[in-house]
Amino acid sequence: MKRKDKRPKRDSGAHQPGPRPAKGDIRDNARPPVARVQPKGPANAKRKSRRTGRHREPPAARAGEHRGHPPRPPLSRPPAVVDERSAVDAAGLGDTGIDSEEAFELGIGARVVPPTTQYGEAFESSPPDPQERKSGDVEAQIRALEARLDGLIRQRHSSDGVADADAEAENELEGGEPPSERRGPLAKVDSSAPARVAPPPVEDFISRKWGRSALRSRSEEFDDFGLDPSFEQRVKPVVEFLYRSYFRTTVEGIDNVPAEGRCIVVANHSGALPLDGLMLRAALRIEHKQKRDLRWLAEDFVYYLPFAGVFMNRVGAVRACPENAERLLEKESLVGVFPEGVHGIKKLFQERYRLQRFGRGGYIRLCLRMRAPIVPCAIIGAEESSPLLYRLEGLTELLGLPYFPVTPTFPFLGPAGLLPAPTKWRMRFGEPINLDNYGPEAADDHVLVGRLSERVRSAIQAMLDSGLRERRSVWFG
Amino acid sequence: MSNSLTSSHSLTIAERGPLGAPPARRRVVAITGAAQFLGSNLIGLLEEDANVRTIVCLDAEAPTSAGSKSRVYNVSLTERMAEERMAEILAAEAVDVMVHLAFLDSPTHSTAFAHELESVGTMHVLNACRRTKVHKVVMRSQTLLYGAHPTNPNYLSEKHPLRARRTESFFADKIEAENEVLRFGRPGQGRLATVLRIAPMLGPTVDNFVTRYLSHRLAPTVLGFDPLWQFVHEADAVRALRLAILYDVPGVFNIVGDGVLPLRTVIKLAGRTSLPLPRSLASSLTSALWLTQLAEAPPAFFDYLQYICVADGALARKELGFEPLYTSREALIDYANAQHLRDVKLLSETPA
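If you're matching them up, the sequences are chains A and B in order.
Counting the first sequence from 1 gives a position; our numbering is that position plus 165.
Counting the second sequence from 1 gives a position; our numbering is that position plus 298.
Hints listed in this document are in silico derivations from the structure and should not be mistaken for laboratory results.
Just to be clear, a hint being listed does not mean it is correct.
Stated by the list, open to error - Here are the simulated DSSO-like pairs of lysine-lysine, each with C-alpha atoms no more than 27 Å apart in a straight line:
(1) LYS454(A) to LYS496(A)
(2) LYS457(B) to LYS496(A)
(3) LYS616(B) to LYS401(A)
(4) LYS616(B) to LYS496(A)
(5) LYS457(B) to LYS374(A)
Given the structure is predicted, the values throughout are model-derived calculations rather than measurements.
Just chain A, same shape as in the assembly:
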């Protein structure tokens, strides 16, 4: 064990002349490199095979196992077989009487025969290492020559193959190949492939319909934030029924929402069961000329809840946090924000339509940073559809809710009590508020942010007040 510390000399020629077990060589050459699925045994088995002095044949089967590539004939250049014993000799340990197996066990400079695992990465064809040529062994010399020859052939092929490769790249650009057939650039350099066949030209129709990009777009059922279009399609009749027939929503000034580009719609939040986000999304999809796709930001607590969180996520809600909002705005989408947050939906019926504190003005900071205009929006009618009479605070911890709502119907009629009342809803969109004359650095100016937030709040409050003055009936508008 004291030899353990002995280190091999660095790279002192791996092919030094040394006693080569002829038996092993014969076996190596005799064995044809057939594909064979070789179950990996426990580590002991590997060691045992090494002890018996048998070289592990290159498991060509691994090439097949890497299913990224079509099965290929083995490279004509044989793997640089380094005998363990000669390696030990080379390392200057031959005279120490350490057996190669023992040396291996001790971890001294033992090299392992490389399996010809095919990796889909380019490797530059380089002339063989000079140390390989230095070896006195005749066989190694022949091998070195062979390798050099192959290197030359490969170089020529790769220079020839440039034009082909370009054509291939173009093909692939159009989504030519499904991922299972993708080949690494290695395929282009591989000289041993008998007369490399150019990939068949892919017709436009085929690549459009079955190409990689087509597969991708067909399979993208979910967007980045968890919206499930197929689920939304199924829920759509219910949402449209609520929007058109149940709440009989009327919309004013929807043209204030820009036809394209990033924008934030800021609205008042209301109701024990907040449906306003869903209805706001429906309004923009149904009434807006460009059928804009609004994603609204929902409070954290929704995501703690079973079912509700998943449902909201699949129909378009996104958790309210600056990272998410920024990402949405970067994609030039329309974001619905309820800055009152939980305070908006937990206010009691008697406080209805009185806007709560607008958080810390995070949405203003967002607008300043992302240079997005604000469209204020007042939603009237939602407060009465599920009026919150009382908040049971004791149950909140237990249920993970910010409050336990008591509405005229809810705990008394069971889950059916959660059904909103059919009030008449009105949505008013105000003139866009542009913050472009402030730079992005204004986001750090807390006083300014507070002032701007107050400006937006008062704009919405004014719209709410005028809307309420015009309203004659809660039920008929």
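Here the structure of chain A is known, so what remains is to put chain B in place on it, guided by the hints.
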């Protein structure tokens, strides 16, 4: 869409990325955990890479993919003398880059061993590097360390704190190790550290607790929750490590595949049936099963079946020039195809 396509196919351009050609000097790379899945595949990749001169393989076993460039040393990070021995090897081989991959892929019952290997072992590795003036360390980490929380943003950036449960040693050791590596690479010392936080790996040959979770007929889920998941293909993970070795880009990078999938879709695509259980029941059941070594993971992992933990790969794309070849969905399908063959006994090779 078209952008991602061009870049994923024109490999050489994508791989050079914004970084230009790799450094002229051929590197000597040392790899810990060389016989593990990532290590042995990385060796196979670097064997064919002209930019790498020598690969120094450090592990308790010999990697199967070691070739003519590789020099295999028997080193166990849990030994007392690991640091001295490694320092000797690093000095003798004049190593340029240390790639630290000796981390457990799956939770284990032998937490003491895991602590020795991951947390203390990382200390040994870094001290050996400090002694021998190895100026660059690449470490493999996991996006799981961000922790699954309902308050996570949909895409976690590298700046987000690591909030995985510290009570679970699987996470605690890895977080400690990562902090040590980042301390090693703190600017002003002339050293650099690259940490790759890799999403759960899927693919035809990899084996970890995620693949085992998806290999049973019934996959337990939490009733009422369906978080978004994200994967990276095993090949992409190895490619990312190669980039981090060849280019000197210090920092932390999320290595993830494009796109997200809800857990229920994941299970469906893998051809399994989900078994929704209430969290309380599932937790107690799993802790019992975990104690009797029948479950894949302790109950803390139910967080990931309940809440979102998805990372943003934009930084790796921009600074490391890493373009994943496979989306999350393609990685999953690639895994599912191989698993299907394994199920019907047409593929007898057990995953690594």
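Item to check | Pair hint outcome, LYS457(B) versus LYS496(A) [Cα-Cα no greater than 27 Å] | outcome: holds (21 Å)
Next on the checklist: For a C-alpha distance cap of 27 Å, please report whether LYS616(B) and LYS401(A) respect it.
Outcome noted: Violated: LYS616(B) and LYS401(A) sit about 39 Å apart, past 27 Å.
Next on the checklist: Between the alpha carbons of LYS454(A) and LYS496(A), is the straight-line distance 27 Å or under?
Outcome noted: holds (20 Å)
Checklist entry - When you check the alpha-carbon spacing of LYS616(B) and LYS496(A), does it fall within 27 Å? => result holds (17 Å)
Checklist entry - Holds or violated: are the alpha carbons of LYS457(B) and LYS374(A) at most 27 Å from each other? => result Cα-Cα ~40 Å, so violated.
Of the hints listed earlier, those the structure fails to meet are numbers 3 and 5, in rising order.
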